[in-house]
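S.K.: Each chain is listed here by its residues.
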Amino acid sequence: MSCECTEKISQLIDGELPEIEARTMQRHLNECSECQQAREDFLSFRSQIANYIPAISPIVQAEGLARIVGRQDRIAPGITSGKPRFAWNFSFGMAAFATMFVLAALVGFIVYKATQNNTTAPAQVAKTNPVPASEPSPKPSPSDAGTRQKDRQAPPNKPAQPKSSTPSIPRRTPRDSENFAANRIKPGSNINSVNESVRAADMQALTALHLEKSELLLRAFRNIRTGETESAEIAYERKQAQQLIVRNMMLRREADNSGDVQVASLLENLEPILLDIANLPDDAAPDDIRVINERVERKNIVALLQVNSTVLARAMDDD
Amino acid sequence: MASEDDEFTMLFQDFYPSLCRFLECLLGGRAALAQDLAQESFLQLHRTAWGTLPVNEARFWLYRVARNFALNEFRKSNTRYRLFDRVVEVMRPRTRNPEEEYEARERQEIVLKMLARLPEDQRVALLLREQQQLSYREIGQVLNISESKVKIDIFRARTALRETWSKKARAFSANAGSQSTLEM
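Going line by line, the protein sequences match chains R and C. Per this note's numbering, the first sequence starts with residue 1, numbered consecutively. Per this note's numbering, the second sequence starts with residue 1001, numbered consecutively.
Rather than coming from a laboratory, the hints here were simulated on the basis of the structure. Keep in mind it's a predicted model, so treat the numbers as computed, not measured. Each hint should be verified, as a subset may be incorrect.
[To be verified] Per label pair, the in silico range of CB-to-CB distance: (1) Pro272/R <-> Ile1152/C: 27 to 33 Å; (2) Val107/R <-> Ile1110/C: 49 to 55 Å; (3) Arg219/R <-> Asn1144/C: 31 to 37 Å; (4) Pro1119/C <-> Glu21/R: 25 to 31 Å; (5) Pro1119/C <-> Glu19/R: 29 to 35 Å; (6) Pro272/R <-> Glu1007/C: 54 to 60 Å; (7) Gly108/R <-> Leu1071/C: 57 to 63 Å; (8) Glu19/R <-> Ser1148/C: 38 to 44 Å; (9) Lys113/R <-> Asn1144/C: 49 to 55 Å; (10) Glu1103/C <-> Gly108/R: 55 to 61 Å; (11) Ser1135/C <-> Ser265/R: 47 to 53 Å; (12) Met1010/C <-> Ala303/R: 43 to 49 Å; (13) Lys113/R <-> Asn1072/C: 18 to 24 Å; (14) Pro58/R <-> Arg1107/C: 22 to 28 Å.
[What the hints assert, rightly or not] Partner residues are not named here, just some residues of chain R that face chain C (Cβ under 10 Å, in silico): (15) Glu7; (16) Asp41; (17) Phe45; (18) Asn51; (19) Ile56; (20) Gly64; (21) Ile68; (22) Tyr236; (23) Ser258; (24) Leu304; (25) Gln306; (26) Val307; (27) Asn308; (28) Val311.
We put the CB at the ideal spot given by N, CA and C, even for glycine.
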């Protein structure tokens, strides 16, 4: 086999030969069986490589685009603006809204605790009423976060006191913010370490929310009623599972990176169950549903999800 | 601005699938990782270079960045992502005929394994040529190498694939022959 000719064949099928050389090679091909075989092989590989079908999830694609351009209305193309804005359903928009509330409450609590620690003036606290935010907080949930946020912003039942004497809560000033930032940033570190700690808090909140949603899905799946022979309509649960798989993968990778073995292990156990639910047809057979529920029971996943989401939520409060 | 976002969205819709296909073949079939890296590439484009590049240049920029992300992944441990391969089975398009589906999957597995045996630079050049139909000049632009290097890499990749394929064919024939001997 002539290497020079085979290399020219490679360029010929790519259209990279000058016209005169291409005609010469075409004539050579008519006479050389080895080069004919080489051409066939090259074109066969081209066909296999070019026809490779990637495994693309439309949901992942849409969510990726939404994340990049930062617009929630891109997540579900095709959904018209006729959708009621305040429809109470378990949509991505509601989950994002709830996540924002939880994060805002968390950040507000951290800032408040930091200002309490950094106050250098003599402590001037109301003698009659305790500061509401210092009370132990309940487990944060999307429905509670907004209420808690309002409570912190409007301390109730405070006796009126003249402003010139002893204010009950130190008022935050721009200098307080600088002090807060300065004290949060340890000597020798930089703004990146602050960003890292905020990012860690974000991931904790997201993980807690994800575990809660997964728990709700598995409970709903467990409660699906089927006859002995008739199939069950599970389109909603399938869709939820598809959305949760993507988040599960992301959070599991984050847990791996941060060394959180417990959460990573839980997410690893949860993932195949979500995959199985996502993979069911819309009208699933009773046996298929039962098999998945049996596996959930065997692994005690629902209880583990509940415990871990509670633990994470308490850890965020303690922070 | 709405119009810039719309243009970016169109670019994303046009090139995201082919970028995923490129990355999936480059990464040996790791579909979830390929989608992650594809999204990271678009994210980088949106944050740093969008608005400063013509659309054609943006496409080359994407492939260059995606390839660099893939190179970084090669340096990390492969075992962490073994469970992501499960997603490949879930996300693959399903055909109605199980036999066809099985054969198509087998073919794709073979393609991935053969590509995985190639050196990375040959694999990238071949994928850009066969999947994206880029010219040698364009491939050189994406990978920041000369046209002659592109030409040589593609030829060597194809030659290597031929050798691998003929070895497998000989091994298969040898197995079939020994089995038939045993049966006799």
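S.K.: Run every hint past the structure and note whether it holds.
M.R.: Against the structure, the hints come out as follows:
The hint said 27 to 33 Å for the Cβ distance between Pro272/R and Ile1152/C, and at roughly 45 Å that hint is violated. The hint said 49 to 55 Å for the Cβ distance between Val107/R and Ile1110/C, and at roughly 52 Å that hint holds. Here the CB-CB span from Arg219/R to Asn1144/C is close to 54 Å, at odds with the stated 31 to 37 Å. Checked against the hint of 25 to 31 Å, the pair Pro1119/C and Glu21/R passes, with Cβ atoms roughly 28 Å apart.
The given range of 29 to 35 Å is respected by Pro1119/C and Glu19/R, whose C-beta atoms sit roughly 32 Å from each other. Between Pro272/R and Glu1007/C the C-beta distance comes to about 40 Å, which lies outside the given range of 54 to 60 Å. Our hint of 57 to 63 Å for Gly108/R and Leu1071/C is violated, since their Cβ atoms are close to 42 Å apart. In this structure the supplied range 38 to 44 Å is violated for Glu19/R paired with Ser1148/C, their Cβ-Cβ distance being about 20 Å.
A C-beta distance of roughly 51 Å is found between Lys113/R and Asn1144/C, which places it inside the suggested range of 49 to 55 Å. For Glu1103/C and Gly108/R, the Cβ-Cβ distance of about 59 Å falls inside the hinted range of 55 to 61 Å, so the restraint holds. The hinted window of 47 to 53 Å between Ser1135/C and Ser265/R holds, with their beta carbons roughly 49 Å apart. Checked against the given bound of 43 to 49 Å, the beta carbons of Met1010/C and Ala303/R, roughly 47 Å apart, stay inside it.
Checked against the given bound of 18 to 24 Å, the beta carbons of Lys113/R and Asn1072/C, roughly 38 Å apart, lie outside it. Taking 22 to 28 Å as the suggested C-beta distance range, the pair Pro58/R and Arg1107/C conforms, at roughly 24 Å. With a cut of 10 Å, the hint placing Glu7/R at the interface with chain C holds, because the nearest CB-to-CB distance is about 5 Å. Satisfaction of the interface hint for Asp41/R is found here, the shortest Cβ-Cβ separation to chain C being roughly 5 Å, below the 10 Å cut-off.
This hint holds: Phe45/R has a C-beta 5 Å from the nearest C-beta of chain C, less than the 10 Å allowed. The criterion of a C-beta within 10 Å of any C-beta in chain C is met by Asn51/R, whose closest approach is roughly 9 Å, and the hint holds. A hinted interface residue such as Ile56/R counts as satisfied when its beta carbon comes closer than 10 Å to some beta carbon of chain C; here the least separation is about 5 Å, so the hint holds. Hint status for Gly64/R relative to chain C: holds, with the closest Cβ pair at about 4 Å, below 10 Å.
A distance limit of 10 Å between C-beta atoms decides the matter here; for Ile68/R the minimum to chain C is near 5 Å, and the interface restraint holds. The interface hint given for Tyr236/R is violated, since its Cβ lies 18 Å from the closest Cβ of chain C, which is over the 10 Å cut-off. For Ser258/R, the interface hint is violated, since its Cβ never comes within 10 Å of a Cβ in chain C; the closest pair sits about 13 Å apart. Annotation: Leu304/R was flagged as interfacial toward chain C, and the flag is violated, the nearest CB pair being 18 Å apart, outside 10 Å.
About 24 Å separates the beta-carbon of Gln306/R from the nearest beta-carbon of chain C, more than 10 Å, and the hint is not met. The closest approach between the C-beta of Val307/R and any C-beta of chain C is roughly 23 Å, which is over the 10 Å cut-off, so the hint fails. About 19 Å separates the beta-carbon of Asn308/R from the nearest beta-carbon of chain C, more than 10 Å, and the hint is not met. About 24 Å separates the beta-carbon of Val311/R from the nearest beta-carbon of chain C, more than 10 Å, and the hint is not met.
Consistency with the previously given hints fails for numbers 1, 3, 6, 7, 8, 13, 22, 23, 24, 25, 26, 27, 28, ordered from lowest to highest.
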